[in-house]
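Residue strings, one per chain:
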Amino acid sequence: MADLMPVMDGMVQTLAGSDLWMALAIPALPILAALVTFFVGKRMWRGGAALPIAAIAGSLGLSLVFFLRMLNGGEPVGWSIAWFKVGDLTFTVGVLFDNLSVWLMTLVSLLSLLIVVFSTAYLADETDEHLRRYYAVKALFVAGMLGSVVMDNYLLMFIFWEIMGLCSYLLIGYWYTKASAATAAKKAFLTTRLGDIFLFLGIILLFTTFKTLSYRELFHHPDLAAHKDILFWAGLCIFGGAVGKSAQFPLDLWLPDAMEGPTTVSALIHAATMVKAGVYLVARTFPLYVALGLGIGDSVFLLIGLVGGFTALYTATMALVALDIKRVLAYSTLSQLGYMFLALGAGGYLFLHTGSGAGFTAAMLHLMNHAFFKALLFLGSASVILGMHHHQDLREMGGLRSKMKVTYLTMLIGSLSIAGIIPLSGFWSKDEVLSTAFHAGSLNGVFFVLWGMGLLTAAMTAFYMFRMMFLAFHGKPRTESAENAHESPATMTVPLALLAVAAAVSGLWLVFGPGFSGIIHYPYSADLGEAEFEASGHLLMEILTAPLTYLSLAVALGGILVARSKYKAGLPASEAEVPTRGVRGLLYNRYYVTQAVYEPLGNVVAMGVAKVANWFDRKGIDGAVNGVANVADRAGARTRRWQDGKLTTYMASVAVGVAVALFLLHEVVLRFRW
Amino acid sequence: MLDILSEGLIPLTILATLVGTLATYASSNRTSRLVALVASLPALAATTYMLWKVGFGGATYEFHASWEWIAAIGARLEFGVDGLSASLAWLTAVLTPLVILYSWHENTKPRLFFALILLMDATVLGVFTSLDLFLFYIFWEFVLVPMYFLIAVWGGPNRKYASTKFFVYTGSASLVMLLGFMALYFGAGVGSFSIPVLTAIGHTLGYAKEFAMLAFAALAIGFLVKMPSVPFHTWLPDAHVQAPTAGSVLLAGVLLKMGSYGLMRIAIPILGDAFTAHHAVALGPIAFWWSYQWAFYVLGTVSVLYGAFLCLAQDDLKSLIAYSSVSHMGMVTLALATVTPLGFAGAAYMNVAHGIIAAGMFMAAGSLQHSTGTRLLSRLGGIAPRVPRLTGLTATLFLASLGLPGLMGFIAEFTIFAGTWQAFGWLILIPIWSILITAGYYLWALQRGFYGPEVRHPDVDWEHMHDVPTTERWSMVALIVLALVFGVLPGLLMGSYNAWTLQVLALLGGA
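Chains as they are written, first to last, in our numbering: chain A, 1 to 674; chain B, 1 to 511.
Derived lysine-lysine pairs resembling BS3-like cross-links, with alpha carbons at most 27 Å apart:
no.: 1; chain 1: A; residue 1: K619; chain 2: B; residue 2: K160
no.: 2; chain 1: A; residue 1: K476; chain 2: A; residue 2: K405
no.: 3; chain 1: B; residue 1: K53; chain 2: A; residue 2: K85
no.: 4; chain 1: A; residue 1: K476; chain 2: A; residue 2: K403
no.: 5; chain 1: A; residue 1: K568; chain 2: A; residue 2: K403
A few chain B residues facing chain A, derived, Cβ under 7 Å:
no.: 6; residue: A384
no.: 7; residue: I432
no.: 8; residue: A439
no.: 9; residue: G452
Keep in mind that the hints were calculated from the coordinates and are not lab data. Computed from a predicted structure; not experimentally measured. Heads up, the beta-carbon is just placed ideally off N, CA and C, and yes, glycines get one too.
Given only the sequences and the hints, what does the whole structure look like? Please build it.
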């Protein structure tokens, strides 16, 4: 297996001088902005929005410096120092700028900047006091995401990962006086924390076994092969953390509820960045899964693929009947994240068996493309919601096309892109994801099934996206708000247009120029000799001549056409009410998993144990304590008569007591010693 | 000539604080708070210097001093600190001025109130710095007095029951502990109460096995009641709920740490063999073995989980925080059970982390009572827009307590669980769920008490509801800053803990 191990080794060049300061400033600038905004933002324009915008722009500029160096063939660089020591273990702090992290931090800072600029208009009605909180937390979030990407070890990654979780909690609960927002925030935090317990445990397993958490040292650790059992459990635990953060089955239920937050929060945290952290984590941990080798490693990859493929289909079905425009997009996000895990699982499986790195690249390409088109779609829905005067039910919309032209056109590009229509970005990555699953299917039939599920998901995706587009923008306005809808200001439409361009062309990176796989691949080092890659031009021909490509295109077009025939005229009477029964009721209520599993677990089991414990504590344990006290009290009442106030009585009792104590002590000492 | 920057520093610090106590009591009601605040500062300066000095990680006690005292029994005035005790002494000295500041507007018998707080400061400092069991015991028992009066005079409606329960329960436990001290003294048979001397004897000659077992049981019961560990914990919620905020802060912040400190300074180092030895037991056909170490795993795990579940069932914020202390101090018991560098360092870190964070949370609960007139979460929903600062401070402290990375509790939690994995393997899967339950009860409490729509319970005075006053706010801010500093720079304390950890583990024959 040695030839499949990453080339990137412990000898990464050390960052120094101004490069080091630039590197550290990337996560540090947003942290500073968060602090300053929190303390003085109230007295500034829009709650201090300008500061986070400037800081994120700074991070973007610095990221671009490293990004350009990487495009020009720059080597990975890193920096690390001791943080603190316990026993023989040294905790370290450090950053690692390899292709994966440089590419991702550039993407994250770019999207954050566009979305935060967009927020200044979207949330213009909020008071400065509230906006101060919004922008401070948003900046902290960006720092958390950038930090978790650039840190060079699992523990520091986890720290920033949790900071992201905190910001997600605070922003989902932004309108905290709404009961539903407070509940959703708590649910999001607790569900992801369930996954985080596994991640926490995985990190502990790695640290205590290999004495280091640094990616560079860990991935080349000489003892990896000797501790495959620990590595296996640690790998599963890390995947568990990814499942929570990226809201995969069975920890998927928090994300649709997270839509209680402002739409700009959904766009940044719950579509473009934080939920991708789980995908990033699994990609980052690839070398450890690979080190497990054939027999163990490929079963882990199979599990990852299964979770991803199942989540993709399972959540896509929920989007088919959703009535809230944001919910459609939320289910869609879950489904697309499932695609990424499917690609990682199938890709890892293929890699272990054949050495092909296509799946890893497909997952990363889809991560980027999805970030663009889903941010675009969420911001588009924000524009719709603002235009509709804060109505977000698709049943209340209709005919917005003529009133919100820019929003309509940009969202159309986003929808075509996610549906996978050539040559928009979604087409390229979705095709690569499905083709990876298909190829892995020739090695293990399960992947054929997953490929079939992926294809079905593609059809559903096209259908529900265009169901949403037709219901919102076509037909006649169904309510007064739709009648009076207006286009949003330029602060919103300009980011939309920029994102639309990105969502249209980002996928082309795969097949033009040096190609995406030349930069982002496994092993993600500068050395291309290890895994097999298709040259971009060759890949283009292969995609265009493969029958599979046309199959997925046909499926996507089919989905669009079905949606058109059903919804072009407006809202069908059968969908005017919230579905409660039958298949539609089942899908609308998310298969009743919340009602059947999570609510009983929380409200009945946990609360039941708590109530029983509380009763036992007061009546049982404390009851016994008070019982002893009462006995002593009564005994005291009896013996009180001995307290006759005579000095001789007291002297006598003291003497007896001391004698007894000394005797006992003497006996004990004699018995047990000498 | 006494060198006040070495051997004289500790006794002079305690003496200065005692003089401050008298000065406060002698001052007028109006000026007593200022006198108390000023009088608490020398101890803060001195302990900060101590903490800085032990940070260089010597293996022995710094500021060591030993004077003849009661020659007949060999009791001496022996003082000294290492990383473990210096950090706890410093914690005590930090919390005292903050508590005085927090209680600035106390108007019921303020002279006595502030004098008692300083008296507690002095006696707790004595507990953490004395190295002679006799001296230690005197300070230990004396701590009960100011706390008893703080609860009995300034407490809530049920203060008489709670203060008596506190005094009798922990006082009885102290007697059991004293029996343990006597056993150590007579068992060693050298006529010395000195902790370093007894530690050396326990390690070299060793006590007879059964004798050591009994002695350890006596010491452990004394200390576990103080921490407190399940099932000896029921005095704590009553004491906390009835105590005034200042009492609760010092109770959770430093008094509970006396229990864990006793285990870490006395019971485990001196009777290390008894702690780790396995004992075979045969009950008819069932044969098994046990050890105190495993008993600590069980006690720790039960305290952690049981305490966390109890928190879920509480409506009074103060009793919730009290049970969360049971849960978090259970982490210390669990950590000690590991007998690993990670676990021991984590136990020491959790002591300080919980001391800072729980102190802050009790302040928040007190401010909630001042602001709204109640601490019952079910009556409070929707107050966040009315008391935004209090909400923010409470939420931050809760997040610190639930182990949010970047704050102090996380470092303690990570090291303790890592040690648990090393010592107990997959048995980590039982206590680790507390991470989820802890997040659950804190976030649910925030949701019930602060967020959501206004509940407007008739008992809550919405007209006069006000946000947290300045002195209370800055006391909490200071604690949050400390939790952040030690969350980001754990090396400030971990460096000096390493020396202690390795020393104790060497005695235990491990690591």
